[in-house]
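*Asks:* What follows is each chain in one-letter form.
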Amino acid sequence: MKSPIRAEGTRGHAARLAIAAGLLALWALGSGCATVRAYQRERLADRIMSFQADAKEAARRTKALEAREGSTGGNGGAGGGCACN
Amino acid sequence: MRVQLILAGRRLAVTACLAAAWVVPAGADPLPEEPAVKSMYRYFSDSHHVGVRSLMGDYTLAVKGNAMLALHWNNERVRIPAIDAPVGSPEAVDAITTASRPISGNAYQDFVKTRNEFQGELSSRGRALEYYLSSESDYLAQQVAARYDRDFQDQIVNLAVGSSYGWDAIKPLADSDTDTGHASKSTVHWDVVATRALTPTTLFRVGLEYNVVNGLQHNPYRNVYAGGTNVPERHPDERQRRDAFLKLNQYIDNRSSIKLNYRLYDDDWGIVSHEIDTNLNQYITQGMIVRYDYRYYTQTSADFYRPEYATVDGIGGYRTGDYRMGPLSSHLFGVSLDMNLAELGVTGRMLNRMGAWINYERYFNSNNYSANIVETALDFRF
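Protein chains in written order, with the numbering used here: chain C, 258 to 342; chain A, -8 to 373.
These are computed hints drawn from the structure, not numbers from a lab. Glycine is no exception: its CB is placed at the ideal position from the N, C-alpha and C atoms. Do not rely on the hints blindly, as some may be mistaken.
[Said to hold, decoys possible] Below are the DSSO-like pairs computed for lysine-lysine, each with C-alpha atoms no more than 27 Å apart in a straight line:
| id | chain 1 | residue 1 | chain 2 | residue 2 |
| --- | --- | --- | --- | --- |
| 1 | C | LYS320 | A | LYS55 |
| 2 | A | LYS55 | C | LYS313 |
| 3 | A | LYS104 | A | LYS162 |
| 4 | C | LYS320 | A | LYS162 |
| 5 | A | LYS29 | C | LYS320 |
| 6 | A | LYS104 | C | LYS320 |
[To be verified] Simulated restraints, written as ranges between beta carbons of each label pair:
| id | chain 1 | residue 1 | chain 2 | residue 2 | range |
| --- | --- | --- | --- | --- | --- |
| 7 | C | LEU280 | A | GLN241 | 19 to 29 Å |
| 8 | A | ALA301 | C | LEU280 | 37 to 47 Å |
| 9 | A | GLU229 | C | ALA302 | 35 to 45 Å |
| 10 | A | PRO318 | C | ALA272 | 15 to 25 Å |
| 11 | C | GLY279 | A | LEU342 | 47 to 57 Å |
| 12 | C | GLU299 | A | ASN66 | 38 to 48 Å |
Sequences and hints are given; from them, build the entire structure.
*Replies:* Structure representation (structure tokens):
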């Protein structure tokens, strides 16, 4: 059964959430930005820059905090790539 | 009927994603991870004297065709303290502790339970399939997941999509003051994540996540003091949860990096939250990294949350004793040390393939709740 007392304001928040993230995704995929050449990516591949190295730790923290806070997410769900090869 | 069709459609979509993840050719061809075994010890204790001890193991190995198999297991022992008031009295209402424990027989004794978790993932060239299982005396959770990622634009952009379907069986133990029968819960998840190398020292990531949860979503052991009496907690059966996040990793010339993360979340129960997380990673020397972490979190309350309920009907038939449904804010501070013994110059056939990691986190929130988390890990690379 769905909550019959859903706040109207939440719909507005959700729409803004989707639009903002969608615009940012378009920007991230835009082709007009400067290119980082392969030989310039050494520092991006350093483990202190890695998203992947943080993923399991972030998932454990999320699991612990889910039991103490009302929201979840932010780990990229099933994952994400590197963009540093 | 309509609800069943929608649920069937969602399951079908997830199944299609699972199949497509392995069939669709991926453009990316990243180097496989190094085969390794890792063991971890974790201890969580909080201001309510709840303690959780976790023993974890990870095993990663190469399999045929450039694929990797990753196995993870976790054995957890949870100790929830005794209720120090007579069963059924307002003081013994479970909502006081928010702990998930039945009150049965002698409630003056600690409640101890064990949880076992297994996870297996098969990945190859940007594609992955995963199975997850968690088992405890009153809860069995399973999940299948798939993800696919691909590089674009000379490999400076990566786009990843993921989906999962989880199904839980809930069998509450005997409880003196509630009577919840067997129940179930399902979760459908989708996400899309874009990562871009902005400059030779800057990585940027943006992501969207969407979850639909159906089934029992309140604590089957928790009572709420409403209308002058104790009544079982009741939350809605469906919840749509979505979030967007931004991450920025910046390399700094003194061999350090700073990571900034922001997450916006909202759901159809009325909760909106913001999370800001930042950490500084610094090489002390080659092979030794220290990390300092700070996280701030704030949320609004669910529509049906009230500190007190005037009638047993609560708000729209729902009532909660779960402080997570109320307004709250929290802070987390952390520090960790990561060591690679080979890079530190340690010699020996075994030692120079080992790494060690130690982490401490201090968490506290606006409900006078605080917790300490200590983690240590050892890993060995083949």
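*Asks:* Are the Cα positions of LYS55(A) and LYS313(C) separated by 27 Å at most?
*Replies:* holds (25 Å)
*Asks:* Quick one: are GLU299(C) and ASN66(A) within 38 to 48 Å, going by C-beta?
*Replies:* The hint (38 to 48 Å, Cβ to Cβ) holds, given that GLU299(C) and ASN66(A) are roughly 40 Å apart.
*Asks:* For the pair supplied as a hint, LYS29(A) and LYS320(C), confirm whether the alpha-carbon distance does not exceed 27 Å.
*Replies:* Holds, at roughly 20 Å.
*Asks:* Check the hint pairing LYS320(C) with LYS162(A) against an upper bound of 27 Å on the C-alpha distance.
*Replies:* holds (21 Å)
*Asks:* Is 15 to 25 Å a correct range for the gap between the Cβ atoms of PRO318(A) and ALA272(C)?
*Replies:* For PRO318(A) and ALA272(C) the Cβ distance comes to about 23 Å; the hint holds.
*Asks:* Against the 27 Å threshold, does the CA-CA distance of LYS104(A) and LYS162(A) hold or violate the hint?
*Replies:* Distance ~14 Å between LYS104(A) and LYS162(A) Cα, so the pair holds.
*Asks:* Against the range 37 to 47 Å, how does the distance between the Cβ atoms of ALA301(A) and LEU280(C) compare: consistent or not?
*Replies:* holds (45 Å)
*Asks:* Using the beta carbons of LEU280(C) and GLN241(A), state whether their distance is inside 19 to 29 Å or not.
*Replies:* holds (22 Å)
*Asks:* For the pair we were handed, LYS320(C) and LYS55(A), check the Cα-Cα distance against 27 Å.
*Replies:* Status violated; Cα separation ~33 Å.
*Asks:* CB of GLU229(A) to CB of ALA302(C), is that within 35 to 45 Å?
*Replies:* holds (43 Å)
*Asks:* With a cut-off of 27 Å on the C-alpha distance, tell me whether LYS104(A) and LYS320(C) pass.
*Replies:* At roughly 18 Å apart (the allowed maximum being 27 Å), LYS320(C) and LYS104(A) satisfy the hint.
*Asks:* Given the range 47 to 57 Å, decide if the beta-carbon distance of GLY279(C) to LEU342(A) lies inside it.
*Replies:* For LEU342(A) against GLY279(C), whose Cβ atoms are near 50 Å apart, the range 47 to 57 Å holds.
When the structure is compared with the earlier hints, a violation turns up for hint 1 alone.
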